[in-house]
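Visitor: Listed below, chain by chain, are the residues.
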Amino acid sequence: MRIYAAFVYLFLYIPIGVIALFSFNAGRHASQLQGFSTQWYGKALSNPFVMDAFETSLIVAFVSASCASVFGTMAAVALQGMKGPLRTAFDLLIYVAVMIPGIVIGIATLIGLVTIFDQVNPLIAKLFAEGAAPTLRMGFFSLIAAHTMFLMALVIIIVRARLAGMDRALIEASSDLYATPLGTFRQVTLPQIFPAILAGFLLSFTFSFDDFIIAFFVAGSETTLPIYVFSSIRRGVTPEINAIGTMVLAVSLILLVAAQILLQRGKKKS
Amino acid sequence: MTQRTRNWLLLAPAGLWFTLMLVVPLTVVLIFSFGERGAAGGYVPAFTLDQYANLPARWAAFKNTMTLAPLGTIAALLIAYPLAYFLAVRADPKWKTILLVLVIVPFWTSILIRSYAWIFILGGRGIPALLDWVGIEGVRLINTPFSVLIGIIYGYLPLMVFPIFVSLDRLDKRLLEASSDLGAKPWHTFMQITLPLSIPGVATGCLLVFILLMGEFLIPAILGGGKVFFVGNALVDLFLQSRNWAYGSAVAVTLVVIMLISVTAYMRFIHRLGATREDVSIM
Chain A
15 MRIYAAFVYL
25 FLYIPIGVIA
35 LFSFNAGRHA
45 SQLQGFSTQW
55 YGKALSNPFV
65 MDAFETSLIV
75 AFVSASCASV
85 FGTMAAVALQ
95 GMKGPLRTAF
105 DLLIYVAVMI
115 PGIVIGIATL
125 IGLVTIFDQV
135 NPLIAKLFAE
145 GAAPTLRMGF
155 FSLIAAHTMF
165 LMALVIIIVR
175 ARLAGMDRAL
185 IEASSDLYAT
195 PLGTFRQVTL
205 PQIFPAILAG
215 FLLSFTFSFD
225 DFIIAFFVAG
235 SETTLPIYVF
245 SSIRRGVTPE
255 INAIGTMVLA
265 VSLILLVAAQ
275 ILLQRGKKKS
Chain B
20 MTQRTRNWLL
30 LAPAGLWFTL
40 MLVVPLTVVL
50 IFSFGERGAA
60 GGYVPAFTLD
70 QYANLPARWA
80 AFKNTMTLAP
90 LGTIAALLIA
100 YPLAYFLAVR
110 ADPKWKTILL
120 VLVIVPFWTS
130 ILIRSYAWIF
140 ILGGRGIPAL
150 LDWVGIEGVR
160 LINTPFSVLI
170 GIIYGYLPLM
180 VFPIFVSLDR
190 LDKRLLEASS
200 DLGAKPWHTF
210 MQITLPLSIP
220 GVATGCLLVF
230 ILLMGEFLIP
240 AILGGGKVFF
250 VGNALVDLFL
260 QSRNWAYGSA
270 VAVTLVVIML
280 ISVTAYMRFI
290 HRLGATREDV
300 SIM
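Residue numbers (my numbering), protein chains in the order written: chain A, 15 to 284; chain B, 20 to 302.
Rather than coming from a laboratory, the hints here were simulated on the basis of the structure.
No residue lacks a Cβ here, since even glycine has one placed at the ideal position from N, Cα and C.
Be aware that one or more of the hints could be misleading.
Unchecked claim - Pulled a few chain A residues facing chain B out of the computed Cβ check, cut under 8 Å:
#1 Phe-36
#2 Val-91
#3 Ala-92
#4 Met-96
#5 Gly-116
Pulled out of the complex, with its shape left as it was, chain A reads as follows (with noise of 0.2 Å):
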């Protein structure tokens, strides 16, 4: 039994183990370890491309990632105890939001915006002047705005989690006390939720950061370092990618570690 588990943590950590080793690697060919160095780190940091890649994945991580935990509690402390057909509709948006492939959710968001855009670009066109009328396109903000509807599902099922394992009676004594509903959030609701806010937003933010389907549709002419990435795959393995790699599950496995204490923090408080 044991034997086999310890095949089966092999099995999941050799493949990352061996793109870190490669990263390390002296040779200019990928696949032949000849000698440790940095040089790839230095190469991988100092290109341009995946430079500008890496900050536009880091703010559509950054802004998305805010946007839906706002929102998403938002929307979860409203449904708690919420009974009708608002709520139906909301379970059923949040279901569909997660059960819907990634890849339809991608087409989906580039088709609608595209279609929406064909309508609008016309009207704005009209309140300008010639030729100075900002024209609506797919890029930066379609990116940020398909990330923040799937995260937001994400942020609404780990809060309402915790809203549920939370002890009514203290908003009960709290609004008995006279405290008014927005000093009961303040003070009673929101301390025992933090926890899990900040963990659904580190969490999304992973996942946006490390999104490529959706953003490969609704991208535009914008690049994401996932973009970047899998298009510099398509051309051949590089040592350079390896190198790109390794940081990139060292970043999601910084983030992960902090969600999952932040996580086990607030239910040890409860």
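For chain A, the structure is supplied; the task is to place chain B on it using the hints.
Guide: Below, chain B alone, put in the same frame as chain A:
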């Protein structure tokens, strides 16, 4: 401000966002699937079933998805179950959480990079080179259904282990002691107590993995080398290369419908096995 108004205000941003970025786009896909392709690509309004009639043109993609998705799910289950059992029943409680986290963590890291790693291992200088050295020559692993299957198992194993672990961990260990005290052999205890009680976890794990596999694009794109392709790969081709939006929409709608039908049939089947609906949940 009444509670009702407050709730409406709190729900407004999420509601608007879901409507604009989920409901409207999905509706557009449904409408487009009944349309026609424009001369220069894109979409021309029409009401025709031509796109659906043309679905057999992409039969290979559907066939691959419908065979490799269930196959990958079952393979992942067979590998995951013993590990989940070990973690929940046998592992030292001190190490349990750490060991479980170690299984889950890879799932939340980039599947793109993790699949890419297998190009090394399965590619010409990886395992085939090793086999060559032992005397087995000419084995090709990369760009075959086998490499895609490995990628699938590797990618989704954590998602399978977790729910099975949860259901086995919740299982009252006294039941197992009682069974062995009453003289049942370990195998009988497993078949009559452990396995039936872990069905909800197995069902959830299979459901999650199957759903994600149905829409898979990256693993076949990276490890299948254009030879083993899923519906996801056909969709990328149709939308980003040939810009055939109407036909692509019909393929996407069909994929979602197949998914819904198989998931519903699957839930019915699990239900008959005795699990309640609340047990099998994805949230």
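Visitor: Can you verify the interface hint for Gly-116 (chain A): is its Cβ closer than 8 Å to any Cβ in chain B?
Guide: 6 Å, holds
Visitor: Can you verify the interface hint for Met-96 (chain A): is its Cβ closer than 8 Å to any Cβ in chain B?
Guide: 6 Å, holds
Visitor: Does the closest beta carbon of chain B sit nearer than 8 Å to the beta carbon of Phe-36 (chain A)?
Guide: 7 Å, holds
Visitor: Using Cβ atoms only, decide whether Ala-92 (chain A) comes closer than 8 Å to chain B, and label the hint accordingly.
Guide: Holds. Min distance 4 Å.
Visitor: Closer than 8 Å between Cβ atoms is the bar; does Val-91 (chain A) clear it against chain B? Give me holds or violated.
Guide: Val-91 (chain A) check passes; min Cβ-Cβ to chain B is 6 Å, inside 8 Å.
Comparing the model with each earlier hint shows no violations; every hint is respected.
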